[in-house]
Amino acid sequence: MSALRTSRPARCAQYAALLAYLVFLAFPFLWLVSTAFKPAPELASLHPTWIPENPTLANFRQAFDEQPLLRAAGNSLVAAVAAAVIAVAVATPLAYVTARHRGRLASAATGWVVISQAFPFVLVIIPLFLILKNLHLVNSVFGLVLVYVVWSLPFALWMLMGYVRAVPAELEEAAAVDGAGRLRTLVSVTAPLLVPGIVATALFAFVTAWNEFFFALVLLKTPEKQTLPVVLTHFLGAEGVADLGPLAAAAFLATLPSLVVFGFLQRRITGGMLAGAVKS
Amino acid sequence: MRRRILTLAAALALLVTGCTAGNDAPGDGVVRLRFQSLAWQKESVDVNRQLVKEWNATHPDVRIEYVQGSWDSVHDQLLTSFEGGEAPDIIHDASDDLADFAYGGDLADLRPLLPERLRADIPARSWETTTFGEGIYGVPFLQEPRVIIANRKILESSGVRLPTPEEPWTWTEFRQITQDLTRTMGSGRYAVAWPLKEPVSVSLNLGLSAGGQLFHREADGRVTVRFTEADAVVAGTIHDQVVTDRTAPRTTLGSGGSDTLPGFFAGRYAMVPLGFAYRQQIAQQAPKGFEWMVLPAPAGDAGLTQGVSPQTLSIAEDSPHKKEAAAFLDFFLRPENMVRLARGDWMLPTGTTALADPSLHTARDGWATGAAVAERLRPAPAQSVRGYPEWKDKVATPAFQEYYSGAIDGAELRRRLVADGNRVLARYQRK
Numbered sequence: 249m250s251a252l253r254t255s256r257p258a259r260c261a262q263y264a265a266l267l268a269y270l271v272f273l274a275f276p277f278l279w280l281v282s283t284a285f286k287p288a289p290e291l292a293s294l295h296p297t298w299i300p301e302n303p304t305l306a307n308f309r310q311a312f313d314e315q316p317l318l319r320a321a322g323n324s325l326v327a328a329v330a331a332a333v334i335a336v337a338v339a340t341p342l343a344y345v346t347a348r349h350r351g352r353l354a355s356a357a358t359g360w361v362v363i364s365q366a367f368p369f370v371l372v373i374i375p376l377f378l379i380l381k382n383l384h385l386v387n388s389v390f391g392l393v394l395v396y397v398v399w400s401l402p403f404a405l406w407m408l409m410g411y412v413r414a415v416p417a418e419l420e421e422a423a424a425v426d427g428a429g430r431l432r433t434l435v436s437v438t439a440p441l442l443v444p445g446i447v448a449t450a451l452f453a454f455v456t457a458w459n460e461f462f463f464a465l466v467l468l469k470t471p472e473k474q475t476l477p478v479v480l481t482h483f484l485g486a487e488g489v490a491d492l493g494p495l496a497a498a499a500f501l502a503t504l505p506s507l508v509v510f511g512f513l514q515r516r517i518t519g520g521m522l523a524g525a526v527k528s
Numbered sequence: 013m014r015r016r017i018l019t020l021a022a023a024l025a026l027l028v029t030g031c032t033a034g035n036d037a038p039g040d041g042v043v044r045l046r047f048q049s050l051a052w053q054k055e056s057v058d059v060n061r062q063l064v065k066e067w068n069a070t071h072p073d074v075r076i077e078y079v080q081g082s083w084d085s086v087h088d089q090l091l092t093s094f095e096g097g098e099a100p101d102i103i104h105d106a107s108d109d110l111a112d113f114a115y116g117g118d119l120a121d122l123r124p125l126l127p128e129r130l131r132a133d134i135p136a137r138s139w140e141t142t143t144f145g146e147g148i149y150g151v152p153f154l155q156e157p158r159v160i161i162a163n164r165k166i167l168e169s170s171g172v173r174l175p176t177p178e179e180p181w182t183w184t185e186f187r188q189i190t191q192d193l194t195r196t197m198g199s200g201r202y203a204v205a206w207p208l209k210e211p212v213s214v215s216l217n218l219g220l221s222a223g224g225q226l227f228h229r230e231a232d233g234r235v236t237v238r239f240t241e242a243d244a245v246v247a248g249t250i251h252d253q254v255v256t257d258r259t260a261p262r263t264t265l266g267s268g269g270s271d272t273l274p275g276f277f278a279g280r281y282a283m284v285p286l287g288f289a290y291r292q293q294i295a296q297q298a299p300k301g302f303e304w305m306v307l308p309a310p311a312g313d314a315g316l317t318q319g320v321s322p323q324t325l326s327i328a329e330d331s332p333h334k335k336e337a338a339a340f341l342d343f344f345l346r347p348e349n350m351v352r353l354a355r356g357d358w359m360l361p362t363g364t365t366a367l368a369d370p371s372l373h374t375a376r377d378g379w380a381t382g383a384a385v386a387e388r389l390r391p392a393p394a395q396s397v398r399g400y401p402e403w404k405d406k407v408a409t410p411a412f413q414e415y416y417s418g419a420i421d422g423a424e425l426r427r428r429l430v431a432d433g434n435r436v437l438a439r440y441q442r443k
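Those protein sequences? They're chains B and Y, same order as listed. Residues in the first sequence are numbered from 249 upward in steps of one, following this note's numbering. Residues in the second sequence are numbered from 13 upward in steps of one, following this note's numbering.
No lab work stands behind these hints: they were computed from the structure. Be aware that a few hints might be false.
[As the list claims (entries may be wrong)] Derived DSBU-like pairs (lysine-lysine); straight-line CA-CA distance at most 30 Å:
no., chain 1, residue 1, chain 2, residue 2
1, Y, LYS300, Y, LYS334
2, Y, LYS165, B, LYS381
3, Y, LYS209, Y, LYS54
4, Y, LYS165, Y, LYS300
5, B, LYS381, Y, LYS335
6, Y, LYS334, Y, LYS65
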């Protein structure tokens, strides 16, 4: 027990480091929020303030007036939710088999997962584009979803394999001893314990697809199908010039779904992780 | 639970497939063309959309679909689209981005497609910016010179001579004036702020005013880099202002134009050399009562000459309806429409008829100053030289950055641009 005790200065240093890390993480977001509510003259102030002196919603109005943000958000939502659901549906059984049945095939599959993470997207984009074109899936949200699933699948698989390994095989053996069949064991014993992992993986796939820009830019040709990250670039001009106020307002709104989804699912992740940890 | 999963799956399938319907043209005999525009500011987008609307209203058999692209990603997007045979029919870009696509056969040669009116209305010097080999691969239609945006109160109260397009400052005079101004402005304030995030284009384009060329085509057709006394005038002035005279701050050397505006509005800098279109940002963001003026860039032995890379409109080689696309360009770039586009983007039209429009010669917002230097605009040096992008990124950008910050001297700058630069170019010019 004494090993867990830390001295007061050490604890202060830990909290200070944690606070510094939180500030580091929060800084861009807080700056974004602050910018979104500032009128144009304040954006060009030599001494910018954190809290807008004359807060305004004009940037939000302008962003909605100039770009179809709601339609783009709808497209992003469909693509991200579909990609997350399909990625998890494919990765979960695959992860279970790869983690539980170790053999040459499983090792090869694991190796391939690691290697596939090494390909930069600029390398795959043109072949991918040609494949999708032959399948008549260019300019289609379904084609984009397929790409997102393929893109997030290796990491999703990697994540889920870790969660599967963390579930003791003895639990499944105990269920078998009690007379449960394999399917019953999977559904009633293993699956509930994997829920936190599945939720975390789905979250990862959702956020990856929600924020993805380049595939959406290249694959979707018509304005009606463009996703939010693509539409956000319409506030950018040449040589880094930007319509900063509306861009910040739109970007702030674009981050909200990720925050909401994460906030909602976070309880389930930690709740699932802690379930059964303490004997009551 | 199972029912909920099935319901979710069905809903997703419906959503995804519902959004999947392709855009194959219905067999109604109507030609449909995609026009990807990079206009991004409200005024400019409104003009573009309005022109497309006017065309569609009068041409029911050729429909234009307006698609908004982004300057930030246009090159990669076009590269992929060309490879996949899915590029837009009509493409908005800039002349310095066309070389790869023109030489790669992705863009249509416009010579047989464009009407004589348009060919004759745009001067030869502008057509040069989109001519690669024998062909013309884009219509240059908007351009922006680099000008000096100045704080009127500071300049007028200092008593310095204000330059005009007829009597501009020389580069020597400009340096002297920045020394005088900085002395009167007080500590922590500077006569000029150079935003040099893109130091190569600024140095090369303004360098033409002193007769600098840097890139020279030899008798055998090869291009080599030579750094002459003329090339050293503009670069040397900027270096001396930052390093020797301290009349320009070191801190803005890595900044974009927008980043210098807060300091400009606060009176920390009296002048900022910027692209002509930045006037729109200044007009929108300047605090109440702030007075600004547009001055021509300093002149050298070649007068007010400077390099530009105009915005262009091209037609994809793969487009099955090039003739119709060219007809749209003819409509889109009629003189009266070119004026609307120029005003929307706060830039100058290339067409001589459009440029003569009185609305582009008013003193308000400095239009007259820009219009006066328009005839001195020339193709940006080296934009058609193969290997230029690599030379720029790997050799010239770090060399100019280090030179302007005082980390290297003129001799080292010359050595890097010439010796290192020619090694890069040689790789692209092997026969």
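For each hint, the structure was consulted:
| no. | hint | verdict |
| --- | --- | --- |
| 1 | Y:LYS300 / Y:LYS334 | 49 Å, violated |
| 2 | Y:LYS165 / B:LYS381 | 60 Å, violated |
| 3 | Y:LYS209 / Y:LYS54 | 25 Å, holds |
| 4 | Y:LYS165 / Y:LYS300 | 14 Å, holds |
| 5 | B:LYS381 / Y:LYS335 | 26 Å, holds |
| 6 | Y:LYS334 / Y:LYS65 | 20 Å, holds |
Hint violations for this structure: numbers 1 and 2, all remaining hints satisfied.
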